[in-house]
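First to last, the protein sequences are chains F and C. Per numbering that gives the first Met the number 0: the first sequence = residues 0 to 166. Per numbering that gives the first Met the number 0: the second sequence = residues 0 to 918.
The hints are simulated quantities; they were obtained by calculation from the structure and are not laboratory data. Each residue gets a CB set at the ideal place from its N, CA and C atoms; glycine is no exception. Please note that a few of the clues may not be correct.
Claimed, not checked - Restraint-style ranges between C-beta atoms, simulated for each label pair:
1) F/V157 / C/D104: 43 to 49 angstroms
2) F/E51 / C/A713: 55 to 61 angstroms
3) F/E51 / C/M0: 34 to 40 angstroms
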Amino acid sequence: MTETTSMQLVPTLSEEELRLIDAEIAHVPYRSAVAIDALKIVQQHRGWVSDESIKAIASYLDMSADELDGIATFYNLIFRRPVGDKVILLCNSISCWIKGCDGLQQKITEQLGVQFGETTSDNRYTLLPVTCLGACDKAPVMMVGEELHEDVAESSIVRILGGSTEP
Amino acid sequence: MPTIRIDGVEYEVQAGKNLLESCLSLGLDLPYFCWHPAMGSIGACRQCAVVQYQSEEDEQAGRGRIVMGCMTPVSDGAIFSLDGDRAREFREAIVESLMLNHPHDCPVCAEGGECHLQDMTVMVGHRDRHYRGRKNTHRNQYLGPLLNHEMNRCIACYRCTRYYRDYAGGTDLAAMAAHDHVYFGRHEEGILESEFAGNLVEVCPTGVFTDKTLVHDYTRKWDLQSAPSVCVGCGVGCNTLPGERYGRLKRIHNRFNVEVNGYFLCDRGRFGGGFVNNQQRLDYPGLRGDDGRYNAVDHHQALQHMAEACRNARVAAIGSPRTSIEANFLLRQLVGTDNFCPGFTELEQTLVNLALELQQQSSAVIADIRSVESADAVLILGEDLTNTAPRLALAVRQSVRNKAYEMAAGLGLETWQDAAIRNLAQDRRSPLFIAASGDTRLDDVAEQHLSLAPQDVARLGFEVAAAIRGGGGVGNSDTAAGRIAAALMEAKRPLVISGTSSGSPQALQAAAAVAEALAGAGHRPMLNFTVPEANSLGQAMLTGSAAPSLEAIAERCDRGEIDTLLVLENDLYHRTPAALADRLLHSDSAIIAVDGLDNRTTSAARLVLPAANFAETEGTLVSLEGRAQRHYPVFLPQGERRPSWVWLLACMKELGHPTATDLHQFDDITRACAATVPALAGITGAAPDHHFLNVGVKIPRQPHRYSGRTAMRADISVHEPKQPEDEESPLAFSMEGLNRWQPGALLPFVWAPGWNSNQSLHRFQSEVGGPLRGGTAGMRLLGAGTTGPTAAIDPPPSFTPVEGRWQLVARHRIFGSEELSALSPGICELVEPGFVEMRGADAHGLGLTEGDGVELDAGLATLAVKINDSIPPGCLGYAVGHAGTANLAAGASVSLAKATNWQRPPQVISTDRSGGGHV
Ligand code: SF4
Ligand code: SF4
Ligand code: FES
Numbered sequence: 000m001t002e003t004t005s006m007q008l009v010p011t012l013s014e015e016e017l018r019l020i021d022a023e024i025a026h027v028p029y030r031s032a033v034a035i036d037a038l039k040i041v042q043q044h045r046g047w048v049s050d051e052s053i054k055a056i057a058s059y060l061d062m063s064a065d066e067l068d069g070i071a072t073f074y075n076l077i078f079r080r081p082v083g084d085k086v087i088l089l090c091n092s093i094s095c096w097i098k099g100c101d102g103l104q105q106k107i108t109e110q111l112g113v114q115f116g117e118t119t120s121d122n123r124y125t126l127l128p129v130t131c132l133g134a135c136d137k138a139p140v141m142m143v144g145e146e147l148h149e150d151v152a153e154s155s156i157v158r159i160l161g162g163s164t165e166p
Numbered sequence: 000m001p002t003i004r005i006d007g008v009e010y011e012v013q014a015g016k017n018l019l020e021s022c023l024s025l026g027l028d029l030p031y032f033c034w035h036p037a038m039g040s041i042g043a044c045r046q047c048a049v050v051q052y053q054s055e056e057d058e059q060a061g062r063g064r065i066v067m068g069c070m071t072p073v074s075d076g077a078i079f080s081l082d083g084d085r086a087r088e089f090r091e092a093i094v095e096s097l098m099l100n101h102p103h104d105c106p107v108c109a110e111g112g113e114c115h116l117q118d119m120t121v122m123v124g125h126r127d128r129h130y131r132g133r134k135n136t137h138r139n140q141y142l143g144p145l146l147n148h149e150m151n152r153c154i155a156c157y158r159c160t161r162y163y164r165d166y167a168g169g170t171d172l173a174a175m176a177a178h179d180h181v182y183f184g185r186h187e188e189g190i191l192e193s194e195f196a197g198n199l200v201e202v203c204p205t206g207v208f209t210d211k212t213l214v215h216d217y218t219r220k221w222d223l224q225s226a227p228s229v230c231v232g233c234g235v236g237c238n239t240l241p242g243e244r245y246g247r248l249k250r251i252h253n254r255f256n257v258e259v260n261g262y263f264l265c266d267r268g269r270f271g272g273g274f275v276n277n278q279q280r281l282d283y284p285g286l287r288g289d290d291g292r293y294n295a296v297d298h299h300q301a302l303q304h305m306a307e308a309c310r311n312a313r314v315a316a317i318g319s320p321r322t323s324i325e326a327n328f329l330l331r332q333l334v335g336t337d338n339f340c341p342g343f344t345e346l347e348q349t350l351v352n353l354a355l356e357l358q359q360q361s362s363a364v365i366a367d368i369r370s371v372e373s374a375d376a377v378l379i380l381g382e383d384l385t386n387t388a389p390r391l392a393l394a395v396r397q398s399v400r401n402k403a404y405e406m407a408a409g410l411g412l413e414t415w416q417d418a419a420i421r422n423l424a425q426d427r428r429s430p431l432f433i434a435a436s437g438d439t440r441l442d443d444v445a446e447q448h449l450s451l452a453p454q455d456v457a458r459l460g461f462e463v464a465a466a467i468r469g470g471g472g473v474g475n476s477d478t479a480a481g482r483i484a485a486a487l488m489e490a491k492r493p494l495v496i497s498g499t500s501s502g503s504p505q506a507l508q509a510a511a512a513v514a515e516a517l518a519g520a521g522h523r524p525m526l527n528f529t530v531p532e533a534n535s536l537g538q539a540m541l542t543g544s545a546a547p548s549l550e551a552i553a554e555r556c557d558r559g560e561i562d563t564l565l566v567l568e569n570d571l572y573h574r575t576p577a578a579l580a581d582r583l584l585h586s587d588s589a590i591i592a593v594d595g596l597d598n599r600t601t602s603a604a605r606l607v608l609p610a611a612n613f614a615e616t617e618g619t620l621v622s623l624e625g626r627a628q629r630h631y632p633v634f635l636p637q638g639e640r641r642p643s644w645v646w647l648l649a650c651m652k653e654l655g656h657p658t659a660t661d662l663h664q665f666d667d668i669t670r671a672c673a674a675t676v677p678a679l680a681g682i683t684g685a686a687p688d689h690h691f692l693n694v695g696v697k698i699p700r701q702p703h704r705y706s707g708r709t710a711m712r713a714d715i716s717v718h719e720p721k722q723p724e725d726e727e728s729p730l731a732f733s734m735e736g737l738n739r740w741q742p743g744a745l746l747p748f749v750w751a752p753g754w755n756s757n758q759s760l761h762r763f764q765s766e767v768g769g770p771l772r773g774g775t776a777g778m779r780l781l782g783a784g785t786t787g788p789t790a791a792i793d794p795p796p797s798f799t800p801v802e803g804r805w806q807l808v809a810r811h812r813i814f815g816s817e818e819l820s821a822l823s824p825g826i827c828e829l830v831e832p833g834f835v836e837m838r839g840a841d842a843h844g845l846g847l848t849e850g851d852g853v854e855l856d857a858g859l860a861t862l863a864v865k866i867n868d869s870i871p872p873g874c875l876g877y878a879v880g881h882a883g884t885a886n887l888a889a890g891a892s893v894s895l896a897k898a899t900n901w902q903r904p905p906q907v908i909s910t911d912r913s914g915g916g917h918v
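I would like the entire structure built from these sequences, with the hints used as guidance.
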């Protein structure tokens, strides 16, 4: 029974996604070994990973949805809920904390009207905490979309976020 | 044996163990969570911390380092401290941090009073909470009718997923998220798929997974009265601990038996006892008048009627393979051997007797569960074990891990190094081959699963045997038989399993032939056969193959040769096609039925005597490995219900039956049976008789904290009645007495000071995971034979499908194929309506899709269709024991037609089936 249901779900992955996942599978001994890559591929195409995507990927990789969801939910950069166009990852780990990330967070919240874990109503930004961006020497740091911002001052928040989105 | 020093005291310990299990075996209290005796160590919870010293100087200087007991091998000269301040403080801090998010809701938690987390918290002395932050609150999931989910109580020990996935092979439970948010559940709500999910109740050390049927009808462990019992769900005979309160069976826990079921039960066994509370239970004896009305009578009148019907009359009797040897034996004494049918159909009689004879003759070792787990190559012929002998399937699932242990041994890793070994082996397994008519629930760990018609399953077995004998075919990788033969020959402990469930005597013979061929080739093979019911094998030992079958009795009924037919605990409409049951029950003979539940058979009876069931009486059952085991009443039957043996004995006394003169008590019957039936001579050794006293008193069924006894019946009367005396067993309906040091067969519950949960079991074991101190319960009646099968058997002709006909193959379901468990709350919600399984192409050809109705042989049965492409071509699977399938027999050939006017069976309303077992 599970088989027939999951069979019907496979098509929810696009040709392109399947092609990229297949390319990963070619490098590993078990299909399920590419679970993380497959999640990343789907997220790249859809912005996030839905329950349906979890089932589709799982069935394609011969694993249970439960098992894959365990992996997906373990990683904070796999988004199991929709996110805005750009994700703001604000580091609040030790170096950034010493260098004042709390102030940055306040500024962002003032400007965008969102707390950690929330998305602006115009869907442009989602604000998330992150434990390290690998740039402690330039603390405090944050990432907006693909772009890393170093030595961020509270005063530069408005510029970085384009002065947009009023609360 | 290495000597280690703990807090200045030297101990000799077993080599190869870890410090935690060594400490527990020594009787030292070392707290733990994630380690489990059956699952080994992963070092996840950090609760078992101790200080290890490098040397004596290190110890004197008070240095040393914190290590995890469960991850530390014991080695000669090692020095540890359990009691040192540092170790204690560490352990206290661990409990505190594991409980940061715990809701402290013990008063409303079903685990309370038998909670390992409570015990460990007290053990480490943690009292004051320092955390002042917000706690996480999780959303719980619906996991089906058997288990309750309350995630807030989780301490993230990972036992549940390790058990469910790694041990039991389930795929639909996982650890989600990370750090403070970790969540153990399913991807989305839904019924847990594993047939062994219920063990989570005992595996989870907190109240996350609890028994839902208990939660709906709740009593704390300390208020439960319990007794050693044996599961009547199938032939495995798992040892159980049912608990009672207010005359109701509340729950069933595992009773450890190292050779039968270890730490685990299947869900049919754990949740299948609820029929005891079913409202279809008969309360009073009754006489059916000529007008068909059922009139209750008291038990003296009932007995007189019974005796009257037996006096100077031609009496025959039908016994029951699902009740005790003693009741069956008495019934046989009452009517005489020639008139006693064991309750088998002809086919069943052939199968069960063949299973018995082949095992008696075979030079193979009849495997107990530990031996099954130790097998390094397994061949299963014609069985879907998970659905026919579930606990055995769980053991076979462990056997495939022997490859991993072998690899680990090469690296010097002990078997308890669970994470390391799983990492090392990945998915490499010892070979398991399954040949069956359709998919089975062990296919996921099988090297090969062959779906064949029953004849071809047997043929394959004979080919394997021939390949082994001939030597030449072995390793011929072109044929399945050659590959299987090679794998079995390469193994050190090969195991062959077959059974009666496919209805094929040849499968049994083929399995025995493989075992014999292996023995001939110098191996010491193991052999196992499943049998249909809890006492099938005992019944065969009692009666042999010459006893009249149901068909033979029916012929006598047809000829009017039987005046009175006694039917013991056997619903013939469940067991046989309606036509045969009608011949037996609706001839001119007067029917007297002794049974617990109202059913179609009791409805046909002139006189009905309400019988006690497994939880209300003592009895001896013989399991599939030929082990005689005793079960004891957990509580006494209510009202006019009596154990069947009591009814029968009283009737014999009333009749002045000569063989009953010396029989007064249950033990007398057991002894008389052992003396009369050579094959059963050993049954008296199954457990001590009623004279046994433990340090001068009987063993209590109630824990010393049993509360509210004076108030329990206050709604009926404020006068507390005297506790009933138990004159039949070494157990007492009392809190007084000693529950320690007794023989293994007499363990009514586990509890030890400081250990309120089931984890206290290690205090009753000779060593952690080892046999009970009082010895392993039960008596094996089958030794290894020496002769081997007497005659060479020719393989059956291979199966050729006939156009337009289908051969019926039996498909068993853990929930639904067994009569009584299917009437229990929880399980009854999981039982499907009767169905047939057919290949997609066959269905298509008949214009059928999933869920349509199909008519078999013009009127034989009309059932819902399931598409299953694993069914062999030309075959049609049918759900054994389900509604609407009683007329079907494995091996029969049927025609099919799309049913007109088919209506899908209505959704079951569970309370209808469980008879309001819980509300
Ligand atoms: S649910 Fe129970 S077994 Fe699973 S991790 Fe939590 S406490 Fe441990
Ligand atoms: S395997 Fe059989 S005997 Fe054991 S618990 Fe399950 S139904 Fe009962
Ligand atoms: S029991 Fe040793 S770390 Fe959990």
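How the hints compare with the structure:
In this structure, F/V157 and C/D104 meet the distance hint of 43 to 49 angstroms, their C-beta atoms being roughly 48 angstroms apart. Restraint check, F/E51 to C/A713: a C-beta distance of roughly 57 angstroms satisfies the suggested window 55 to 61 angstroms. In this structure the supplied range 34 to 40 angstroms is violated for F/E51 paired with C/M0, their Cβ-Cβ distance being about 58 angstroms.
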